[in-house]
Amino acid sequence: MGKQSKSGGCLGWLLAIVILALVVGAIVYAVKQKIDHANDNKPSPVPGPPGAIDKKYADALKIAMQFFDIQKSGKLVNNKISWRGDSGLKDGNEANLDLSKGMYDAGDHMKFGFPMAFTATVLSWAILEYGDQMAAVNQLEPAQQSLKWITDFLINAHPKDNVLYIQVGDPDLDHKCWERPENMKEKRALTQVNITVPGTEVAAETAAAMASASLVFKTSNSAYSSTLLKHAKQLFNFADKYPASYSENIPEVATYYNSTGYGDELLWAASWLYHATGDRSYLDYATGENGKQFASWGSPTWFSWDNKNAGTQVLLSRLSLFGAKGVSGNSGLRNYRSSAEGVMCGLLPKSPSATSSRTDGGLVWISEWNALQHPVASAFLAALYSDYMLTSQTAKITCGDHSFKPSDLRKFAKSQADYVLGKNPLKMSFLVGYGDKYPQYVHHRGASIPADATTGCTDGFKWLDSTEPNPNVAVGGLVGGPFLNETYIDSRNNSMQAEPTTYNSALIVGLLSSLVTTSSAVKSFT
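According to UniProt numbering, the sequence shown is numbered sequentially starting from 1.
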C-alpha cells in the first residue's frame, strides 16, 4: 500500500507539470502570434538614398543598356559598338523629313512607331522612378541618351498637329532581305496616320512617350522638355478627337503589331499628361467615364506594348498612395489602386488568385512568341508597387484571406529577374552577353553578318543559314525566351524564341534598375 501511494503521488506531480507546461506553451504561442500579427500590420522602414549595390543586377543592367546602342539608326555619335555604323540616313527623305534616328524594332530594320513609342514611355518611367539607382552604377546618362535618340525621331515624325509618321520601311520588302543596316539600299516607305486615316492607339502612345520624356528632361534641358510636352498635348488631342484603330485603318500593320483596342492608350497618355502638367482635366479624363469604359477595373490584365491598363493602374496608384494634392475622394483613383492590387495578387505565387500560367521553374508564362515580355513587365510593375508601399508606409496588401508585404512583391520581382539571368533549368541567361552561357544564334541581322562583309538584299541569307555562331554579339538583347516546358532552341531561324526586341530592353532595364539597390520612391515627378 505504501509503495502504491508513493507511485500515485509521483504520477500526479508529473501530470501537473505537463499541464503547466502546456499552459505556458499556449500563452507563449498566443503572445508570439499577437506580436507577429502586430508586426504584419507594422510598415517596413522607408528606404533612404541608394544603398549597397547588388553587383549581379548592376552588371546585368550595364549589359542590358548596350542593346539600345546596337539598335540605333542614323548618324551615330560616340559609337561604342564596333560592328555598327551609320544607317538609314535617308529615312524620311520622300516626305522632306529627317527620320534617320530612332531604333530598329528587333532583328530586322523596321521602325515601327507603336512599339518604339512604348519603348520610350517605359524607359522614361524607369528613369523617373529609378534614376538615382541608375546613377549609382553610372547608367543614368546612357539611359537618357538612348531615350533622346528615340524622342528626337518622334518629334520629327510629328510635323503637323494631326499627322504622325508611324512606320519607316515596308515590312514585306524588309523581311525579304538579310543584310546589315549599313548596307541597305531598298526603298524605305513611309506610313502615316492623319485625319483621313486616324490611328488612336499609336498617336496616344506617342503622346505618352513625349509626356513622360518631358519629365525626364525638365531639369536638364527645359527647352527640349517644353517641345516634347507641346507635341504630347497635340497628339493626345488628335488621338482623342479622331478615335479609330490604326490596325483597322491600316490593315498591313496588323501582321506585326496588331492592336486589340485603343482605350488603354488614351488612359495611359492622359495619366502621363496629368503627371507632366498637373492639369486636372487629364486626371478627370482617366478617372471618369473613360476610365469606366476602358480601364478594365477589377479585371487584371498583362502589361505589354499592346495593353497598357496594368501600367496605368500602377502609375495612378502612386497618387493615392502618396496622398497627392487634390485627389482625395476620387472614386476612379480608388478603382485604379484596387485594380493594381488585383494585378499584384495575380503575380504573387502564394496568393489565392495567383495565376497558374507559370513554368515549373516559376517563370510567369503567357505567350509562345516573345515569352519573356510578360514576366519581365510584370516584375517591373511589382517592384514599383513594392517601392510605393515602402515609401508610403503601406504595410500590406490583401489577396482574399491572405496578406502580403512589400518584401513579397520584391521577392517575386527578383525571382523573374533571376530566371532571366540564369536561375532556370537550362542554367542559361536569356540576356545576351550576361553570364557564361547565353544564346549564340540570336535572330539579328547585324549580329549575324561579319562587319567587313558586303551583302545585298538576298545574298546575306547565307549568314542566316550559317551553322556558325553569330560573329558579333548582340550585347544586352533580351531574346524571346523559353517555351512552357522550359526548352529553348538556339537557332537563328527561330525568331519566336531567339529574336530580341527594343521594347523588351526597356522593360528589363526598368526591372534591373529597380533591383540594383534600394531607395525611397520619388513622391512626385515634378
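Think of the hints as simulated: they come from the structure by calculation, not from any bench. C-beta: ideal position from N, C-alpha, C; glycine also. Do not rely on the hints blindly, as some may be mistaken.
[What the hints assert, rightly or not] Quick list of simulated restraints, FRET-style, between CB atoms: (1) Glu186 - Ser356: 30 to 36 Å; (2) Ala244 - Leu173: 22 to 28 Å; (3) Glu186 - Pro159: 19 to 25 Å.
[As the list claims (entries may be wrong)] Lysine-lysine pairs mimicking PhoX-like chemistry, simulated, CA-CA at most 25 Å apart: (4) Lys160 - Lys80; (5) Lys423 - Lys176; (6) Lys160 - Lys55; (7) Lys325 - Lys56; (8) Lys90 - Lys187; (9) Lys148 - Lys42; (10) Lys55 - Lys462; (11) Lys241 - Lys230; (12) Lys42 - Lys437; (13) Lys218 - Lys42; (14) Lys42 - Lys62; (15) Lys55 - Lys423.
Hint by hint, here is what the structure shows:
Look at Glu186 against Ser356: about 46 Å separates their beta carbons, and that is not inside 30 to 36 Å. At about 26 Å, the CB distance of Ala244 to Leu173 agrees with the hint of 22 to 28 Å. Distance hint check for Glu186 and Pro159: the Cβ-Cβ separation is about 24 Å, which falls inside the suggested range of 19 to 25 Å. For the proposed pair Lys160 and Lys80, the alpha carbon gap of about 35 Å is over 25 Å, so the pair is violated.
For the hint linking Lys423 to Lys176, the alpha-carbon distance of about 37 Å lies beyond 25 Å, and the restraint is violated. Straight-line distance between C-alpha atoms of Lys160 and Lys55 comes to about 46 Å, which puts the hinted pair past the 25 Å bound. Our distance criterion of 25 Å between C-alpha atoms is broken by Lys325 and Lys56, whose separation comes to about 39 Å. For the suggested pair Lys90 and Lys187, the alpha carbons sit about 10 Å apart, so the restraint of at most 25 Å is met.
Taken as a hint, the Lys148 and Lys42 pair is broken in the structure, with Cα atoms around 42 Å apart against an allowance of 25 Å. Restraint check for Lys55 and Lys462: the C-alpha separation of about 40 Å exceeds 25 Å, so the hint is violated. Under the criterion of a C-alpha separation no larger than 25 Å, the hint pairing Lys241 with Lys230 is consistent with the structure, at around 17 Å. Pair hint Lys42 plus Lys437 does not hold up; C-alpha atoms about 43 Å apart against a cutoff of 25 Å.
A hinted pair counts as satisfied when its Cα atoms are at most 25 Å apart, and Lys218 with Lys42 does not qualify at roughly 37 Å. A hinted pair counts as satisfied when its Cα atoms are at most 25 Å apart, and Lys42 with Lys62 does not qualify at roughly 36 Å. Our distance criterion of 25 Å between C-alpha atoms is met by Lys55 and Lys423, whose separation comes to about 16 Å.
Checked against the numbered hints above, the structure violates hints 1, 4, 5, 6, 7, 9, 10, 12, 13, 14; every other hint is satisfied.
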